[in-house]
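J.: Line by line, the protein sequences are chains F and Z. Using our numbering, you'd call the opening residue of the first sequence number 5 and step up by one each time. Using our numbering, you'd call the opening residue of the second sequence number -7 and step up by one each time.
No lab work stands behind these hints, which were simulated from the structure alone. A portion of the hints provided could be inaccurate.
[Stated by the list, open to error] 27 Å max Cα-Cα, derived DSS-like pairs, lysine-lysine: (1) Z:Lys152 - F:Lys53; (2) Z:Lys152 - Z:Lys225; (3) Z:Lys177 - Z:Lys88; (4) Z:Lys203 - F:Lys28.
Just so we're clear, the structure is a prediction, and the values are computed from it rather than from any experiment.
So the chains spell out like this:
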Amino acid sequence: MSLQTTLRKINDFPADLIQRRRDKRRKRLIDEKGKQLLVASQWQLIRWKFARHKLAMASLFLLGIMYLAAIFAEFVSPYDPRSFREQYAMAPPQRIRFFDPHEGRFHLRPFVYSITRQLDPDTWQVTFEEDRTEKQFIRFFVRGSQYRLMNIPFLEGNLRLFGVEEGIISLLGNDTRGRDLFSRIVHGSRISLTVGLLGIAISFFVGVLIGGLSGYFGGLLDVIIQRVIEAIKAIPTIPLWMALSVALPIHWPLTRVYFFIVLILSIIGWTGVARVVRGKFLSLRTEDFVTAAELDGASTGRLIFRYMLPSFYSYVIARLTLEVPAMILGETALSFLGLGLQAPAISWGVMLKDAQHIRVLANAPWMLLPGLFVFIAILAFNFVGDGLRDAADPYSNI
Amino acid sequence: MSDIDNSSRPLVEVRDLRKYFEATHGLLRKVVGTVKAVDGVSFSIQQGETLALVGESGCGKTTTGRCLIRAVDPSAGSIRYSFDNADPIDIATVDKHQLRELRRSIRLMFQDPYSSLNPRMTVFQIISEPLLINKLVQNQSEARDRVQSLLQMVHLNPNKMDRYPHAFSGGQRQRIAIARALAPKPRFLIADEPVSALDVSVQAQVLNLLKDLQHELRGLTYLFVAHNLSVVKYQSDRVAIMYVGKIVELTVTEELFLTPKHPYTEALISAAPDPEPRAVRRKKRIVLAGEVANPADPPSGCYFHPRCRYAKDVCRTTEPPLRDIGTAQQPHQVACHFAEELTLRGIE
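Excised from the complex, chain Z in its bound form (with noise of 0.2 Å):
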């Protein structure tokens, strides 16, 4: 965390991004509504920060950090991202040849390793496979070794290369999936939910590995997907929280915990379990009334208003804008229209 580059511009710049899923139906692919999967979204990453974005299932965080390397490409709106500091280039829009370039500079993690490695392939097929694929290693030998160190670096046993995954637990298979991310000495990882499929037990491990990882190398930023507030706490700089494919709530990890602006954050706060249990009995845990609102087909006003017990007759009818309500220095942005007015409960 102390290594963040604040003084230039940021690694990756999100303006209004949108994705849209189209469902059709029948031979002609009549198109018979539309997800609205990512809704305009916009943020912005520093050089070697970590920023969180979370929320609940079908939010639309997955489909944000996918859209971010081209796994899904994005109906509208652009991706900025820096070279090392050479002039930006539009993710959005890169073509064929640029993209297999910044593919190895940005690097995706999954949620579930047990999907995520093919189960044909030894470890060291798996890890060096993007070295080979780019010709990153001139042979087999120099791709062994690098394979040793990156295994070195993520706490496993260079010796185990050339097992099967279904030799290594969940723990360690989200290792060798970090290796493999790190192969092509990437300089930004979105992390989906790299702990998610993981025992509460190994949780710890892997990302504290994370973290140490970011130091030992030096300005590797992080897209944290996860929907889970207490993982992300110790993890980032800065979360923003998503709602039905929208950032309502965006600042710097203590100020979100301690001081929340958005009901939607209030609640999944007071959600999150707590390790101290008599704190937990002190504490009152709100409940979320009704379900996730649908993203094909999404109330009217504030999208949260259904499950809002703080919502007033403006809030069904007007969509709250996010807005800058913090200091030059401290940036909180929150799409709320009484976000001044309530005083909401953060962590103790």
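Just chain F, with the same shape it has in the complex (with noise of 0.2 Å):
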């Protein structure tokens, strides 16, 4: 070996370390992971699997908030979604401020200019002005208006996230009577949103049921089971959920009517799980797996609840997911034709029938805000099942 070759040997020694120390961690990383993945069960693959998805994970996120948002929905919300001030009628959205023009400021805390009604005399036109002079500036964690939360007695407070001292705040401008938008928002989602998770839960019961009953056991049972799902198929949706809705005595209470609306919602929803889980039934009856545990002396009980309904779990509830959307906009669509929940009951279909009338529109466009709401929570929901389609079968391509 010659000494230049020694030396270059010398030299390179360090890096060389370096560099066989960071393969080894790796190695040992990539080992570990390797490992979990062995041992890991179906439910970790799915959400490994899931996690990987951004678009879904994000969704996931923006629904947890508005989900959240719907539980606390009192305290979210600035002011009570039923109290009228007459003076705000279909205030505009006002501006959340850092930047004072005016004052040629910059304020670390966000603020709104106050806003004042001006009728013009000649055309009776409302409009409201900006007080450029008057700033108010939103204060968090205020004490507002007495609520109780969710209706529970012994929840009460008057605690709210945030608030101004004079004047209003409205984010997303007033309704023709003055009452916030955005807590109006806030409060229907209460029902625009777990109209869709009732929905699909009763859908995932019964479809689950009717369908397993037709697949296990086959025969003449599922070939009248099969013809009554293509039956109540054939029914066109909206003038069904019609009928239905309008059969509802109109004396009844809000929860009541509430829940016979999700009822109707679902009457069609089961027909479609029950037609995937008769399919998964009759599929997973011949497969290897099940005649060896029916071999094994496994009971019907245990040949279903373990063996073949932990199978197709995952798909179906992805599936279900996809589902929320169509729920979500039959509520929508029956209380904006006003045969679903009437108007004392907040939602957001129900807001949207505020904003039917023309001479609204034009002059308060930001009362279809509801409908971006639904917009957004429909598309979230299509995501995150996306996402969950793609990881149920986690077995796919491993």
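Reconstruct the complex from the two isolated chains, following the hints.
T.: Encoded structure:
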């Protein structure tokens, strides 16, 4: 070995060592991950795969925030959704500012300008003007009007997430009677967002039960159930919903109407689930691992609950997530038509009904904003559903 | 192979087994056709013996195997099974309670280890399932001990028992399946094409394991269903060749390979790949013309006649019975009109 190569070797030594150490560490990390994978259960594999779907993760985060806001609606909204303030009727959304051009100063705390109602003496047109001299700083965790959280008697309070000390704050404008649209949208999400979840819960239960009977026992029962499902699917959705909701007595309390609307919405929903479950049962019945369990002496219940259902739970849940939007839209459509929930109730559909008049649309287009929230919620559910569907079968590419 | 017990009565005795599948149509389930998947099959297996059931796809060999464990209910015939030399019971007619007991003594191994193991259960759960269901172990820790020794028996690392099947290769999965089959200490194992789904390189591993286990667990009896004669050659004591739901030849393995008496057997032997390429060049491969007969609409006379190169008029009209043309020590059953006249080529 020449002197030169020896020297070079000595020079390279530390770099080489570092590289080797790094490789070793990386290998150990990969090994650990690999070992986790080997003993990972189905749900862990699904979680890992779902986490790789960025859009679905973001949508799930967004939905999480929306549902949290729905739960704590009284706290999140600055006003009672039913309180009228005639002097602020049809006030437009206010802009949140940090920079005051009038003063030429920047404020760390956001503020809005006070607005005052102006009446044109000739046309009687109502307009709102910003008073640029009067700033209203937005305060967080302020004391507002008294409320009961989710109508639970002992959860009384008056703490609100944000508010202003004087004047009003209307982030999304006010409606024709001066009710705060933001507060109403937050409260409305309670009905609009839970209709879908409750609806698919019913669909899931009924669908798995009837689809399971049809697929597991087969024969004549299967034929009858399938024909019934075809008959139900052949009925046009909206007229059926309309007919059923018209049949609800007008004097019923709000909660009962709500549950019946959910039932009406899931009358169609379960059929799709039942079809899927039946198909899965039919294919799983001939699957070798099910036959093996049968030969092991497993009872029918064990076969169904330990072998067959776990094989497609995830798939059915993914499918159901994709059906939530249809339910949300259904509720919105029914309420918009005035056939679902009625005025004292607050839902996005009920709010959109208020925006039906052309005069309202022309003067207060922000009253269509509940529609935007419907849109966002549905898109988010679709993305989450997509991600779940891709992750539902973690064995597809392992 | 040395453990065969010829003195007492056979462990399994199948008489005239039939399984007809009916094709139905429409709401009223009108029968539009009958597929005779298994059509009058008879054979017996001695304790500790390995009988191979060989035939093309769709010949009824898998259905025969499944009838023996009542995974499929036979249409007719009897399957007499002797529990520990007690009076034999007829598997074809046993009640539900006896069937449970029976299925601990008779076990089925599946062809595809990718579909026969539940991907949602760990190896421990899979193997312990027959033990727990049949209450053969008292508690979890006893189950773990049993699974551990079972895994060692099939040469798998017991430390891996909490892994899921997706962490194992095909050969390893098949060994897990063997461990599950052997868990309740059966006496009779029906192996349904146990290596057909595996790479050729691991086939020998699994075959040798099955062979070793037969020696280790004295008296373990195999029914080995296969479509590949070369797999069967070193594995079985006797071979039954099936064609369209019937056994056409049944004899001792060596005799079958050296002096086949049925033209179909001759064709199967010539089709088996030979490890010596030079030998392959020397012999001519017999390529069968046409397709396997349709079991829903079989040909007249001998089912094999449309593809047989020795067929004569009588083959077209009369069905040949399965008859014994061997000696008392070495029976050789064959269903061919010309079994005595023909000199057929086996392996040299």
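J.: Now tell me, hint by hint, if it's right for this structure.
T.: Hints versus structure:
1. Pair hint lysine 152 (chain Z) plus lysine 53 (chain F) holds up; C-alpha atoms about 24 Å apart against a cutoff of 27 Å.
2. A threshold of 27 Å between alpha carbons decides the hint, and for lysine 152 (chain Z) with lysine 225 (chain Z) the separation of about 34 Å lies outside it, so the pair is violated.
3. Only pairs whose Cα atoms come within 27 Å are accepted, and lysine 177 (chain Z) paired with lysine 88 (chain Z) is accepted, the gap being roughly 20 Å.
4. Only pairs whose Cα atoms come within 27 Å are accepted, and lysine 203 (chain Z) paired with lysine 28 (chain F) is rejected, the gap being roughly 42 Å.
Violated hints, in rising order: 2 and 4; the structure is consistent with all others.
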